[in-house]
Amino acid sequence: MKKVAIVDTTFARVDMGRYASDRLKSCGTGFTISRRTVPGIKDLPVAVRQSFQGGADLCMVVGMPGRAEYDKVCAHEASTGLILAGVLESKPVIECFVFEGEASDGKELETLAKRRAEEHAENAYAMLFRPQDLARKAATGQRQGFADAGAVRATR
Amino acid sequence: MKKVAIVDTTFARVDMGRYASDRLKSCGTGFTISRRTVPGIKDLPVAVRQSFQGGADLCMVVGMPGRAEYDKVCAHEASTGLILAGVLESKPVIECFVFEGEASDGKELETLAKRRAEEHAENAYAMLFRPQDLARKAATGQRQGFADAGAVRATR
Amino acid sequence: MKKVAIVDTTFARVDMGRYASDRLKSCGTGFTISRRTVPGIKDLPVAVRQSFQGGADLCMVVGMPGRAEYDKVCAHEASTGLILAGVLESKPVIECFVFEGEASDGKELETLAKRRAEEHAENAYAMLFRPQDLARKAATGQRQGFADAGAVRATR
Amino acid sequence: MKKVAIVDTTFARVDMGRYASDRLKSCGTGFTISRRTVPGIKDLPVAVRQSFQGGADLCMVVGMPGRAEYDKVCAHEASTGLILAGVLESKPVIECFVFEGEASDGKELETLAKRRAEEHAENAYAMLFRPQDLARKAATGQRQGFADAGAVRATR
Amino acid sequence: MKKVAIVDTTFARVDMGRYASDRLKSCGTGFTISRRTVPGIKDLPVAVRQSFQGGADLCMVVGMPGRAEYDKVCAHEASTGLILAGVLESKPVIECFVFEGEASDGKELETLAKRRAEEHAENAYAMLFRPQDLARKAATGQRQGFADAGAVRATR
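Chains as they are written, first to last, in this note's numbering: chain A, 1 to 156; chain B, 1 to 156; chain C, 1 to 156; chain D, 1 to 156; chain E, 1 to 156.
Among these hints, one or two may not hold up.
Which copy is meant is left open, so a pair is good if it fits within one copy or across any two.
Listed below are the simulated SDA-like cross-link pairs for lysine to any residue, each with C-alpha atoms no more than 25 Å apart in a straight line [unchecked claim]:
| no. | residue 1 | residue 2 |
| --- | --- | --- |
| 1 | 137 | 50 |
| 2 | 137 | 70 |
| 3 | 137 | 101 |
| 4 | 72 | 137 |
| 5 | 107 | 136 |
| 6 | 72 | 147 |
| 7 | 2 | 34 |
| 8 | 91 | 22 |
| 9 | 137 | 71 |
| 10 | 107 | 153 |
Hints listed in this document are in silico derivations from the structure and should not be mistaken for laboratory results. Quick caveat, the model's predicted, so the values are computed rather than measured.
Chain A on its own, in the form it takes in the complex (with noise of 0.2 Å):
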């Protein structure tokens, strides 16, 4: 039985972590799934190194930095903070980060924000049970929340 932790904010404006949860379930069983939730994303590398700490095979995280100069910074420490948590403890972390600005309007978010923490949460399925299935999209362009950017048709 495999365990994923899934982390998220009280900062972030749509429950991306249900929706990575939803998804996750949706795509297989052999795995159970520990759900917490800290303030902002800057609390998120010390959270992923307590869930591996306590037994968590993968973290998945989902947060929602603002539209300032300033949340760029943030996520920017956050991200980095996250791969120092994942690299001590050598084991997978998930980043789904939606920054406000993508979207133009709070539907838009929402539905941003959902399809790219559902997308995440099936990379998140795939690298603990499906290698296979990533080893086999290699190199397509695939995008989480967008449309895939697809793999370079060179015009020769």
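We have chain A already, so just place chains B, C, D and E on it with the hints.
What follows is chains B, C, D and E alone, placed relative to chain A:
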């Protein structure tokens, strides 16, 4: 009995350490608070690690970077170090920074800093004693010091 | 028998992993290649550490950051994490990134990515088996994917 | 007997190491000072770690980055490394940097650097021997080298 | 017998490794020099850690980042990694980088790179054998490759 360490700076211009401490005490019981002051925000990461090694279960740091571009760089360095210290110790660090440039005059700065310190203190309490409160607020657009952004209402 | 791990992403749009693998094989013998695919470049540092802990002597990672400003930030975070993973394990990581914005159309992107992956693969081989080849090319302005800059000819 | 290590650089243009050392000595007794010089600020993090491993209880580093954009990058790298060294050793590092561009001529630069070094030296002394002095100055808008900003007086 | 490791790159366009090595030898005796070449500056941090683990007492790395914005990012990543490697091993890393954009033509680039490599080599020697020489030059505005800035003469 849990131990909370609050670390503030001589650089800050509003007594956020006191506001944080007062609010924490009003949240409940079951913890002790230690206070410590360092010169500036770049001294916080080491103070945090020392506090954890001295038995703290959670560190709350409060600081007030100035208006200059260089102050933003210092805040970035401090934040990166705080995440490092938290990840190495695997214990939560509640970072509460107010940038002087966020407010237009002293009164606004005082109000903002007080409110942010208090709301982060509530988060600190919840992280230690009431994680279910954070879970209940997941993805509800919480902000500290400003009005909450709220959850997105998709205009469907 | 040396072990080389090649890690690529589903995000990339050109199959650099295959180009790297093919070129590596054509360089010589004495090594095995393992392949693995992760979703994006920010997942590479953990995959690298896991590969080293699984016995790899060298990791080659290939990725293709997009055109947006945010993609550059992700690439920076990934690179920092790759260096961290390499330093912690004290084993070489050959990073081969092609930014989508480096090429003006699909054909150019394909050509550039193929060539860069192949030339980095040659470097990987040299690092493991023929360090003298690298020494011989010291300070000769080698470039991967573009024409070499060459050694400076001081106009004396 | 506490041990303070002061590390300065050959790059700097004002003898901040001497100013720091003189002021430290005038603050009180109960400590010894070791001095060391490295080429530039990027050499400070290793020197700090070595000093701690040699028994220092606190390191004070003084440096003077130049005016160019690149100098700011170097200062950022040095600061990040200093925080890393401090956190790994869990001992305080007092960083005293004066950017050449902070002053408009040599006289001003000398005055600023002297004063900042002296005031940081006082902080170093307080951190080791009189933490209550720092606590008393908490949130009073202390500045090193310039006039203090002071606590905010909210115009209520 | 001390051990100095010099690591250079195939990316550089001027043979700074040789200039560094020649100057080091002319400084004195009591040490051996090992040479190694990696593809680019981002490969230096791992090479440095490996050199230290192989017994080196000091590493000198020479590199030549290109003119593009991306090259500056790479240099920043490399520098951060070099500081990390030095701090983890607690041994000095002399970083000698010449940015191609620092010179206006090949002759100038060759002259600058040669001189900087030689002057950094002198620093490396001093760090190992004559720390008093560095102490004597403390705060004298030393520059490597360009004319020294000199100590500030306050116009009192």
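Hints versus structure:
For the identical chains of this complex, residue 137 and residue 50 are inter-copy neighbours only, at 21 Å across copies versus 31 Å inside a copy, given an alpha-carbon limit of 25 Å. In this homomeric assembly, residue 137 and residue 70 come within 25 Å of each other (Cα to Cα) only across copies, at 23 Å, whereas the closest approach inside a single copy is 35 Å. With identical chains, the CA atoms of residue 137 and residue 101 are at most 25 Å apart between copies only, with a shortest distance of 22 Å across copies and 29 Å within one. Proximity of residue 72 and residue 137 under a CA criterion of 25 Å is satisfied inter-copy only: 23 Å between copies versus 30 Å inside one chain copy.
In this homomeric assembly, residue 107 and residue 136 come within 25 Å of each other (Cα to Cα) only across copies, at 22 Å, whereas the closest approach inside a single copy is 33 Å. When the C-alpha separation of residue 72 and residue 147 is checked against a cutoff of 25 Å, the pair qualifies both within a copy, at 23 Å, and between copies, at 20 Å. Proximity of residue 2 and residue 34 under a CA criterion of 25 Å is satisfied in both settings, with 11 Å inside one chain copy and 24 Å between copies. With identical chains, the CA atoms of residue 91 and residue 22 are at most 25 Å apart within one copy only, with a shortest distance of 22 Å there and 29 Å across copies.
Taking identical chains as interchangeable, the C-alpha atoms of residue 137 and residue 71 lie at most 25 Å apart only when they sit on different chains, with a minimum of 20 Å there against 32 Å within one chain. Only between protomers do residue 107 and residue 153 lie at most 25 Å apart by alpha-carbon distance; the minimum there is 7 Å, versus 33 Å within a single protomer.
Checked against the numbered hints above, the structure breaks none of them.
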